[in-house]
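*Asks:* My request is simple: use the sequences and hints to build the entire structure.
Chains A and B, in that order, give the protein sequences.
Residues 1 to 197 in my numbering are what the first sequence spells out, letter by letter.
Residues 1 to 197 in my numbering are what the second sequence spells out, letter by letter.
These aren't lab readings, by the way, just hints derived from the structure by calculation.
There's no promise every hint is true.
Each pair may be met inside one copy or between any two copies, as identical chains are not told apart.
[As the list claims (entries may be wrong)] Taking lysine to any residue and the SDA-like style, the derived pairs with C-alpha atoms no more than 25 Å apart in a straight line are: (1) K22 / Q52; (2) K22 / V34; (3) K22 / S171; (4) K22 / F55; (5) K100 / D89.
Each chain, written out:
2 protein chains.
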Amino acid sequence: MFERPVQRLIDELTRLPGVGRKSAQRLAFHLLNVDEADARCLAQAIVDLREQTAFCSRCYNVTSGVECSICVDPRRDPAVICVVERPQDIAVIERTREFKGRYHVLGGALSPIDGVGPAQLRIEELRSRVPTESITEMIIATNPTIEGDTTAMYLARRFKPLGVTVTRPASGLPVGGDMDYADEITLGRALTGRREI
Amino acid sequence: MFERPVQRLIDELTRLPGVGRKSAQRLAFHLLNVDEADARCLAQAIVDLREQTAFCSRCYNVTSGVECSICVDPRRDPAVICVVERPQDIAVIERTREFKGRYHVLGGALSPIDGVGPAQLRIEELRSRVPTESITEMIIATNPTIEGDTTAMYLARRFKPLGVTVTRPASGLPVGGDMDYADEITLGRALTGRREI
Chain A
1 MFERPVQRLI DELTRLPGVG RKSAQRLAFH LLNVDEADAR CLAQAIVDLR EQTAFCSRCY
61 NVTSGVECSI CVDPRRDPAV ICVVERPQDI AVIERTREFK GRYHVLGGAL SPIDGVGPAQ
121 LRIEELRSRV PTESITEMII ATNPTIEGDT TAMYLARRFK PLGVTVTRPA SGLPVGGDMD
181 YADEITLGRA LTGRREI
Chain B
1 MFERPVQRLI DELTRLPGVG RKSAQRLAFH LLNVDEADAR CLAQAIVDLR EQTAFCSRCY
61 NVTSGVECSI CVDPRRDPAV ICVVERPQDI AVIERTREFK GRYHVLGGAL SPIDGVGPAQ
121 LRIEELRSRV PTESITEMII ATNPTIEGDT TAMYLARRFK PLGVTVTRPA SGLPVGGDMD
181 YADEITLGRA LTGRREI
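*Replies:* The structure is reproduced here in structure tokens:
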């Protein structure tokens with residue numbers, strides 16, 4: 001239907017998550033209409049992303065160097081590790097400014113149905129960091145889903161025998177939320193995890 | 001918050017229509033995780049789009065050559081021209097297989113509030129095609145919006161004195177739709193345009 005270069009870009013865009021055929025068409029025609037320099041900027045940004053970044057050799061965060069800016073920061077406490085599923089989760093936690101330790105990116109969560117077992121995650125890499133960085137606490141900040149909870153349980157069983165305190169961020173009511181809109185499971189966990197004021 | 005190459009791509013993606021900060025982040029991290037060849041393919045497709053396409057010198061459709069595949073097709077009737085706002089509208093009309101003439105892309109619709117007057121659209125280019133292609137009918141398939149309707153009225157006033165029949169696709173109930181869901185203006189036009197069966 002479209003000229004070949006247009007159709008090829010539409011096909012490539014459709015492979016992106018959350019981009020359907022209609023949005024891909026709209027994006028392709030948008031890129032036909034903008035300044036050529038702007039279209040080239042976008043293409044170059046994609047190439048640069050892959051050429052100028054790598055994964056941190058210690059925690060597997062995204063980095064422009066060998067180790068990421070958090071791992072090389074001497075002000076960060078190496079004894080406390082926050083374990084996350086994906087590199088983008090680090091930005092979410094950093095934004096809270098509540099955490100001063102280092103991170104470890106697992107690369108996903110345990111999900112037997114998708115063929116993700118412990119060997120598919122970076123658990124051995126985490127294991128080897130325990131003695132070298134004298135880790136005393138691990139905060140398992142995987143998603144509050146079945147897969148994330150299962151992963152947290154697995155890591156607790158794995159690392160408690162090594163003398164590491166394993167914790168999990170509290171589940172409960174979102175701040176500014178409305179009791180009416182809380183689901184039963186979240187409200188149940190909020191009650192179980194109640195704190196004296 | 002993110003490494004520079006990641007942040008730069010997020011910024012570029014946010015400039016696309018319908019892509020917010022959150023989607024841009026998701027897309028950027030997706031492009032970090034896919035095969036490097038796939039990311040490069042997308043970047044190359046964007047570059048090729050601009051290098052290998054141009055606008056048809058006759059109708060301003062997208063083309064890989066000088067004139068588009070519709071303009072050079074000898075089976076298309078040159079006497080009937082369908083006038084559209086944007087190149088992507090041509091694909092929508094072609095899909096109906098109801099139209100056998102040629103096209104003309106205006107490049108938008110009249111909208112004084114956005115600074116789009118007749119001089120900003122390709123109306124003079126359309127004017128010069130009337131004698132050279134012996135145009136007898138113009139179907140004004142601009143969007144059924146205020147801007148599209150205004151543009152259609154303007155073109156009718158402009159081209160009727162030249163002996164061209166100017167028509168507009170019917171407005172009315174969508175096929176397979178439900179009367180309950182029709183808005184008053186659409187239903188009003190459907191009644192005005194009623195046809196004997």
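*Asks:* To test your reading of the hints: which numbers does this structure violate?
*Replies:* Violated hints: none; all satisfied.
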